[in-house]
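Student: Below, each chain spelled out in residue letters.
2 protein chains.
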Amino acid sequence: MNKQILLRKRPMGMPEQDTWELVETEIPQPKNGEVLVQTHYISLDPAMRGWLNEVKSYIEPVAIDDVMRAGTIGKVIKSNNHPTLKEGDVLSGWGGVQQYFCTNGEGQFKVDTNLAPMTKYIGALGMPGMTAYFGILEVGKIKEGETVLMSGAAGAVGSVAGQIAKIKGCKVVGIAGGPEKCKYVIEHLGFDDCIDYKNESVYKRLKETCPKGIDVYFDNVGGEILDIALARLRRHARVVICGAISQYNSNQIQGPKNYLSLLVNRASMTGMVVFDYAKRYKEAGMQMGMWMMEGKLKTEEDVYEGIENFYETFTRLFTGEKRGKLVLKVV
Amino acid sequence: MNKQILLRKRPMGMPEQDTWELVETEIPQPKNGEVLVQTHYISLDPAMRGWLNEVKSYIEPVAIDDVMRAGTIGKVIKSNNHPTLKEGDVLSGWGGVQQYFCTNGEGQFKVDTNLAPMTKYIGALGMPGMTAYFGILEVGKIKEGETVLMSGAAGAVGSVAGQIAKIKGCKVVGIAGGPEKCKYVIEHLGFDDCIDYKNESVYKRLKETCPKGIDVYFDNVGGEILDIALARLRRHARVVICGAISQYNSNQIQGPKNYLSLLVNRASMTGMVVFDYAKRYKEAGMQMGMWMMEGKLKTEEDVYEGIENFYETFTRLFTGEKRGKLVLKVV
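Residue numbers (the working numbering), protein chains in the order written: chain P, 1 to 331; chain A, 1 to 331.
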């Protein structure tokens, strides 16, 4: 049988368990020209919260009663005359929160598990890694010697974006929740410093760690922290709006009341969606793979098991009880 | 005697009359190498409200008991061995709210009143005009065929920026307060449409007038209108943060809660300060003068008389009881 997680209703605020339902259906059979994929790992990302809302966004909302949308990595276990894909091929793509699915290959990318383990292809070599790469380089336009502030520094995107900024010769200060994460960000990831927003005054520590202000703020969180960062911008600073995890479960988004710092400092705030860079994923993946092999880029997945545990694993995105890329192991 | 307006205290909210005091002092005498200037017109700008606050900004706050800072245009009436300036020269610069001042010429620009009347040099050929020119072209980066939304459309900056966008082949919709101003914006300035925010639903009218959304929003007002504009951005839209007149007298700035539209639409919001373009004022002035002569750019000054009426004239900036560039005639 095929275990699937279906979206049953649109949550207000933090989703509750009955937002989704686990159902079992027949394993689907590939039509002519299709393959059957068995999913090994499911990617859990903060962006998924946005897909639950019935609003115009960069992607259609997940429809009620549909399989929950998710990035996946899995193996072809049956081919029905597919022209190029064959049994044993490993595919990364939009498989959704389920154990099996059929595809004609559209939106799926064949990956080489000899180069990197499966989980990397939904982590640093997948959507979060691509977001980090293009966000910090193309939108943040970091330059050697600049000061970069990174929120969500222990997360899937922030940990990678911050390390890229270090590789490029920036001073990088992170923000993360709790002393353990901060220690990890400094000692393991090599950031210059890390502010514990749960136990320290972000404003005070930011003044200490970045006395001349910030050239690039890469924002994954929104809310208060965005406002504090805006208050400390340098002239011509760039704010990358990558996400706003503190606001995703809120019914009333908190607008950055310090936005006029953009005027005072001739600064900019720019939004990004990683899909726009799809044509350059390969180039980015090769560069990131190189940095990983050279030991310059450290990436980590936090893996939980069992599709039955989708809900409680998903909530870790928002409680912060995870480190690096959050992944659900299905097989 | 020299009538001067001195700043006496830092206002909270909308400044009250006793924020300033009118005093009379001796007319100053130019030192060796200086000239004495008699001011003819004083420029009244929303930015002046910001200079009253004791906060780090793009310019020092006006000090308590100092003459209130203001752009001016006046005539040299005495020279004490100044190497280049002589009696009768007309100077535009930072003269402050007073009738006479001495200067060695620094920060003052000699202008030619044969080319344009004095008031134009603190209007369309002065700071507001330069702000409009560089804001819409350099920050807004307008392209032919794009849709531009202009708040403060009947104001000193918005009226000029919108007309430049029309000259460049954009569709331009203004926002202004009251049917009379809207009529002026459409019929006299030639905007495609104008929304009366005091009597119409901006959101509804924006959907009607810009059904495909906005490519460039030039913001002079902030607050609710900024939020509505953000909600209607097109992909890769640019928001120019030029000012926020709705917020200047507020003790708690309203942050744009729709800022995540920047993410969804891969859009940007960029602040500007006109002083950064000082080296190109001449180029801009020549271009604007040309457009004015060709009848493509219409500019208007709303002139009030008497330095004694500084306070009540200043308040017109915020009540909206003026059209085009607000000017105080001193002589």
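Be careful, since some hints might not be right.
You can't tell identical chains apart in this list, so a pair holds if it fits in one copy or across any two.
The list that follows gives simulated cross-link-like pairs (lysine to aspartate or glutamate, EDC-like), each with its CA atoms no further than 16 Å apart [claimed, not checked]:
| # | residue 1 | residue 2 |
| --- | --- | --- |
| 1 | Lys-257 | Asp-227 |
| 2 | Lys-257 | Glu-224 |
| 3 | Lys-183 | Glu-144 |
| 4 | Lys-168 | Glu-34 |
| 5 | Lys-257 | Glu-312 |
| 6 | Lys-296 | Glu-312 |
| 7 | Lys-110 | Glu-34 |
| 8 | Lys-56 | Asp-89 |
| 9 | Lys-329 | Glu-308 |
| 10 | Lys-198 | Glu-305 |
| 11 | Lys-207 | Asp-193 |
Rather than coming from a laboratory, the hints here were simulated on the basis of the structure.
Because the structure is a prediction, the values reported are computed rather than measured.
Student: Looking back at the hints listed earlier, which ones does the structure fail to meet?
Tutor: 3, 4, 5, 6, 8 and 10
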